[in-house]
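Visitor: Below, each chain spelled out in residue letters.
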Amino acid sequence: MTHCAYTEITDGSYQLYLFEQNQPVGPSDTFSALMMARPDFDIKSVELPPVSDQDIPNLLKFKLRSIYPGNPDETAFDYTILSRKNKKYAVLFITEKRIIEQYQSLSGEKPLFLPFTLIKPLIKRCERENCVFIFFHTSWIELMLIQDSILISSFVINRHSSFKVNFRKLKTLLPDSYENYSLVCVCPKEEESSLEQNIKANLNPESSYSMVVMEELLKNIDRKTDFLFSEKQKRRSIPNKLFMYLYPALFLILTVLIFNKSINQKKTYYSQLENRLKAFESQTLDMITLEKEVKTLEDEWIQFQKRAPHNLFFMLSELSRIMEERAVITYFVIEKDSFQFEAIGQNPLDLMEKFKRNDNFQNIKLLQSIPVQGTNKERFKVIGSVKNK
Amino acid sequence: MLRISKRERVLLYILAWVVIVVAFGIYFYFKTEEMASLQQKTDMLERQMQKVTVKSPDSEDLQVRKDTLVNQIQIEKEKYYHRDDIDPYQFSIVIRNLLSTNGLTIKKYQTIELTDYTSLEFSIAGGVLELIEFLKAVSYADKHWNMSFLTLDARKGDGTVDAIFRINYETLDE
Chain A
1 MTHCAYTEIT DGSYQLYLFE QNQPVGPSDT FSALMMARPD FDIKSVELPP VSDQDIPNLL
61 KFKLRSIYPG NPDETAFDYT ILSRKNKKYA VLFITEKRII EQYQSLSGEK PLFLPFTLIK
121 PLIKRCEREN CVFIFFHTSW IELMLIQDSI LISSFVINRH SSFKVNFRKL KTLLPDSYEN
181 YSLVCVCPKE EESSLEQNIK ANLNPESSYS MVVMEELLKN IDRKTDFLFS EKQKRRSIPN
241 KLFMYLYPAL FLILTVLIFN KSINQKKTYY SQLENRLKAF ESQTLDMITL EKEVKTLEDE
301 WIQFQKRAPH NLFFMLSELS RIMEERAVIT YFVIEKDSFQ FEAIGQNPLD LMEKFKRNDN
361 FQNIKLLQSI PVQGTNKERF KVIGSVKNK
Chain B
1 MLRISKRERV LLYILAWVVI VVAFGIYFYF KTEEMASLQQ KTDMLERQMQ KVTVKSPDSE
61 DLQVRKDTLV NQIQIEKEKY YHRDDIDPYQ FSIVIRNLLS TNGLTIKKYQ TIELTDYTSL
121 EFSIAGGVLE LIEFLKAVSY ADKHWNMSFL TLDARKGDGT VDAIFRINYE TLDE
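First to last, the protein sequences are chains A and B.
In case it helps, the numbering used here puts the first sequence at residues 1 to 389.
In case it helps, the numbering used here puts the second sequence at residues 1 to 174.
So that you can see chain B by itself, here it is in the shape it has in the complex (with noise of 0.2 Å):
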């Protein structure tokens, strides 16, 4: 067995305690570097939480915003008729219709082919408050009716109207 004196021993204890101290002095200085570069991102992290946190939009306000207009979309969506809900003829059915129901005489009709659409024109006469009345019939329909042009003469003073008008129906292209 190896006999080592006494003055060796304590040599070896001292040159452990060297070895063992700088050991832990490398691990602190690797560790506070650590701690120090966590530190860093910490704060760094901190800082952008309260700018997202001070930016940030009320959501809730936004989801019920696009839910009515979604909503809304929809309803006006609904007023438009599709290609194959309805013809110019059958368009000419409903207004001479909804004239006739309101007590309006119709003098002419005719069809104008325009480009993207076809317009109908009526010659009507009648009294001011049944054209008023047919006026709101038109205004508050279920679906857009357009009447884009529209001449009223009550000159004559006896409380009867001559109108002629111009009207077609709204499609919605998808």
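Next up, chain A with everything else stripped away, as it sits in the complex (with noise of 0.2 Å):
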């Protein structure tokens, strides 16, 4: 929020004008939040007993009885709290009721302010001196006493062209030990070189004094800024004793929410795996019908392997490649798996253990072996079978 706006009493009237230009302009002109003139205001800080937050507007409301002499039907304040050693204090805003809705009106419900509220956030930083702000407006000057981060009292006086006469003014309102509290001067910046040499020249030399301007106060504002009399931002605000209950209950929902999410993702787990056991289990399912099939059609071809033919040619050559040129048959008869031979050679004997370590050949039997004679030949007779594939 950079765009603030502030008001001047022109002919009996408000006038609006916009900090960067000092120019006057309209109400539906741009401005985010309107600065209110500080003399339209009394400002008081009242101590407060410890009583809950919702008790303080009626606290304040009863209390408003003896420090403001103005009717309480015409009356509005609004107020913000300052707190120092468990001690809070309400710096009460004061003005009368038609005055409040004059600027309403003006500012179109945009958020209202007063000069402390630009200088609140600087209090903190002066938390173990007194100070003293001096709030440079065009028409008026705003004093703010603060000790040990309260305002103690704030004052406004109408601004005249002489520093001196200001000064003068300024000085019957502060304590007689001014010089020893922290002078902050808050000016626009136009004005702050020349406002910083009137400083000097009427401060002692030992006293202290810090310039700030302005505009680096207005750029602060934003929406969490403690703007004054705006109902929404009061009934934002949560009652302290909500919090006991808060925080068992966010605890419990929470721990409830952990718990719960634990089981989901145990669950989730657990259906994964179900999910998971189940494509297994149907993987195994068409494993065990792939291995029946498989074994049907290894006992198909186991049956058709049986029926198929002998090869006799293979068993032919078989039998001449074990018998080698040593024998010749002369006469040879199958039927089935069933042979017999007749044939001439040497040493027939030999030849029937290679029959025996033949894997074609089973039950070989040597029939019977005539020499012939004038030879070192034999005629034998050989029955066997062909092994089954």
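Rather than coming from a laboratory, the hints here were simulated on the basis of the structure.
Don't take each hint at face value.
Unchecked claim - Quick list of simulated restraints, FRET-style, between CB atoms:
#1 B:Leu-114 - A:Pro-371: 49 to 55 Å
#2 A:Gln-362 - B:Lys-107: 32 to 38 Å
#3 A:Gln-283 - B:Ser-37: 23 to 29 Å
#4 A:Lys-292 - B:Gly-103: 48 to 54 Å
#5 B:Gln-74 - A:Tyr-269: 34 to 40 Å
#6 A:Asn-86 - B:Ser-37: 50 to 56 Å
Please read all numbers here as calculations on a predicted model, not as lab measurements.
C-beta atoms are modelled at their ideal positions from N, C-alpha and C, and glycine is treated no differently.
Two chains, two frames, some hints: make the complex.
Guide: Structure (structure tokens):
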């Protein structure tokens, strides 16, 4: 919020000005917040007894009767709380209801504030020392005396064109020991150097002072600013007592949520496992089916192999290979698996050993062997069978 | 409006908290039970998963084996005649032509009617090598020809052989 406006009374009526331009503007012009004229308000600081936040408005309303002479029905006030060492103080901003209504009408329901709103964030900076804030506005000057972070008093004077006149008036409002206070001057940027020179000239050399440019303070205005006469903001505050119940409730809710999340995670994992197992089961079922199919096919293949006719050419080739050139088959008969042959050759017993070692034949028997006269050969008969595949 | 004293208010707060704590206690009890039950089920499933994972055979190997068998059986089936493909007379012509091609002389041939099929009996003569070639052709024919009986007589010793064989073709009954 950088576009803030302020008000001046011209010919008995309020006129709006933008801080940046110092030119009159209409209510419809763009600005974010309106600084009300300090002379329209009385500012009082009240120490609060230990009461709940809810009770503070009523308490202040009651106290107002003793510190403000105006008709209570026609009086409007707002407050802001300052705390120091377990003590609470309310800074009251008091004015007439009609004035506030005028400001609200002028601002078009935009937030309202006073110089104190701007210097409130600065109060913490001068916690260790007592401060005097002097807020220089075009037509008035506000003086705020801060002790131990608490606003002790606030005064406003009409601004004279001569600094000396203004300073003389201000000195009458300051405490006697004002030179021990830290002086903070808030003024527009354009006045900073001239004011600083004047202050320097009028203060003792030992006195400390600092200059704060108003435009810098205006930059700090945002939604979190403690605006005045804003009902909405007051309603927003949550009573401290409620936190006593909110925290345990929050703790319980969080515990339940964490517990639920943990259970849900477990459920998800379980569900994933279940799905994976189902997939495995389905896969296993497919595997069993496949195994059965393979078994059936193997059986079918074995049947085919059994049924296939013997390869006679291969069988005769094997017989020839076993007998080599030592024997010649003269007669051969085979019916189904069984065969018999007659051959002439050498050493048939040696041949029998070879037959035994051959995987293609079984039950080989030498039936008869008759030496052929005049040669070293024998005529022999062999029976046997072809091995089943 | 009902006005209650401070003592009553404190008692009400205590009662409210007791109710809340009891409600949460019951809630946590049931949820803890649910959690324990879930943990038990999860453990069981994890054990089952381990078993299933260990036992699972290699499906790829089985699939390859199946495909190989299907292929082999298909090839084997194609080696059999169907009933309408051939008859004994056509088969006789095939064998007779094969014998002639290999230079073997047919002395006699006849059909023998058996229960399930008809067999052909050939009595032939010719060279040993020619007969071997014929047997090779029969053994490695595209179709299964079954030579259920064969006699070879080479006792003459002149390099010729007399042979008698029975042969039939194999059919596939579907």
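Visitor: Enumerate the violated hints, using their earlier numbering and listing them in ascending order.
Guide: Hints 1, 5 are the ones this structure does not satisfy, whereas the remaining hints hold.
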